[in-house]
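Student: Fit chain B to the known structure of chain A by using the hints.
Residue strings, one per chain:
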Amino acid sequence: MSVDTTLTDGYIELKFGPRWKYIACVRGFIQNFLAISIVDQSKADKIAMAASELLENAVKYASRDDTHIVIKVSPATEQIKILVVNTAKQESINTLLSIYEKISEGDPLQVYVTQMKEAAVRSDGKSHLGLARIRYETGGDLNVTVEKNEVQVSIAIG
Amino acid sequence: MNRLNIENIHEDRMVVEVLDDNSNITVKFKGDIDMEDPGLVLDPFFTTLHAKLLEHKVKEVNTDFKELNFLNSSGIKAVAKWIMKLTELTEAERYSIRIQYNRDITWQVTSLPTLNFLVPGVVKVE
Numbered sequence: 001m002s003v004d005t006t007l008t009d010g011y012i013e014l015k016f017g018p019r020w021k022y023i024a025c026v027r028g029f030i031q032n033f034l035a036i037s038i039v040d041q042s043k044a045d046k047i048a049m050a051a052s053e054l055l056e057n058a059v060k061y062a063s064r065d066d067t068h069i070v071i072k073v074s075p076a077t078e079q080i081k082i083l084v085v086n087t088a089k090q091e092s093i094n095t096l097l098s099i100y101e102k103i104s105e106g107d108p109l110q111v112y113v114t115q116m117k118e119a120a121v122r123s124d125g126k127s128h129l130g131l132a133r134i135r136y137e138t139g140g141d142l143n144v145t146v147e148k149n150e151v152q153v154s155i156a157i158g
Numbered sequence: 001m002n003r004l005n006i007e008n009i010h011e012d013r014m015v016v017e018v019l020d021d022n023s024n025i026t027v028k029f030k031g032d033i034d035m036e037d038p039g040l041v042l043d044p045f046f047t048t049l050h051a052k053l054l055e056h057k058v059k060e061v062n063t064d065f066k067e068l069n070f071l072n073s074s075g076i077k078a079v080a081k082w083i084m085k086l087t088e089l090t091e092a093e094r095y096s097i098r099i100q101y102n103r104d105i106t107w108q109v110t111s112l113p114t115l116n117f118l119v120p121g122v123v124k125v126e
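If you read the protein sequences in the order shown, they are chains A and B.
So for the first sequence, the numbering used here puts the first residue at 1; every next one is plus one.
So for the second sequence, the numbering used here puts the first residue at 1; every next one is plus one.
One chain only, chain A, in its complex shape:
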């Protein structure tokens, strides 16, 4: 994985074994990092939420012991980019791509509400709600790419 940064950008990169209990810890760390990097508290909160949701997905569906998260801050524009990378089984990748295709078009609020209604009748313990929530609550550009069994999910928030 490579991170496209310039000398003026700031970034942190974390790699951790897929353990659920680490997510809250990483979320707190990201909030602290953003508190010294940007002044907009609301934006910092949205990014921490998005990072947490992406990490939950990555940890739930990881097939190997390596989950990466990169948070990149561009001070000039205050644009933040989150990138979460993990490896997953093909079945999980197919599910992710199908959810992404479903939620990446249309009015973000309508899509989120529709996903909530569908989640409410699911009985498999999954919500399939995280990406729709991120897209609606952050207003950012969400992107999913897959290469072999490596999944990269990114969100850019301006």
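Simulated from the structure, these hints should not be mistaken for laboratory data.
Worth double-checking, as some hints may not be accurate.
[Unchecked claim] Taking lysine-lysine and the PhoX-like style, the derived pairs with C-alpha atoms no more than 20 Å apart in a straight line are:
id, chain 1, residue 1, chain 2, residue 2
1, B, K59, B, K30
2, B, K85, B, K52
3, A, K72, A, K102
4, B, K52, A, K117
5, A, K21, B, K124
6, A, K43, A, K15
7, B, K66, B, K124
8, A, K117, B, K124
9, B, K85, A, K126
[To be verified] Some, not all, of what chain A presents toward chain B, calculated at C-beta under 8 Å:
id, residue
10, A24
11, K46
12, P108
13, D124
14, G130
Keep in mind that this is a model prediction, so the values were computed, not measured.
Note that CB positions come from ideal geometry on N, CA and C, so glycine has one too.
Tutor: Frame of chain A; chain B shown alone:
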């Protein structure tokens, strides 16, 4: 104990309390709801709450999220599942849900008002 006889929940970093001041029932959420599947705890809780509200013919219930720091999307699913139970009732049977949120917590400002759209007219977000 509240009149519905429902136990409070203390699970991981999540607290859910059912408060009863004799005129109003309030369900208060505190802490963080960020476990892998909060539905394991919340689904049975909401099923019991729903049944008891109907049994006691309560016409409005307050939910207070002001002290909830974080709610993951699986937790939102559990709340949505509860609200959607109201679609199974006739208008006469329905109770309304009043949602109180904290305007200083960003996810609450963006996410909780969307619950209004699940069953229009029965959820009041304030």
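Student: Now, for every hint given, state plainly whether the structure supports it.
Tutor: Consistency of the hints with the structure:
no. : hint                : in the structure
1   : K59(B) <-> K30(B)   : violated, 24 Å
2   : K85(B) <-> K52(B)   : holds, 13 Å
3   : K72(A) <-> K102(A)  : violated, 27 Å
4   : K52(B) <-> K117(A)  : violated, 23 Å
5   : K21(A) <-> K124(B)  : violated, 34 Å
6   : K43(A) <-> K15(A)   : violated, 23 Å
7   : K66(B) <-> K124(B)  : holds, 15 Å
8   : K117(A) <-> K124(B) : holds, 18 Å
9   : K85(B) <-> K126(A)  : holds, 18 Å
10  : A24                 : holds, 6 Å
11  : K46                 : holds, 6 Å
12  : P108                : violated, 10 Å
13  : D124                : violated, 10 Å
14  : G130                : holds, 4 Å
The structure is inconsistent with the numbered hints 1, 3, 4, 5, 6, 12, 13, although it conforms to all the rest.
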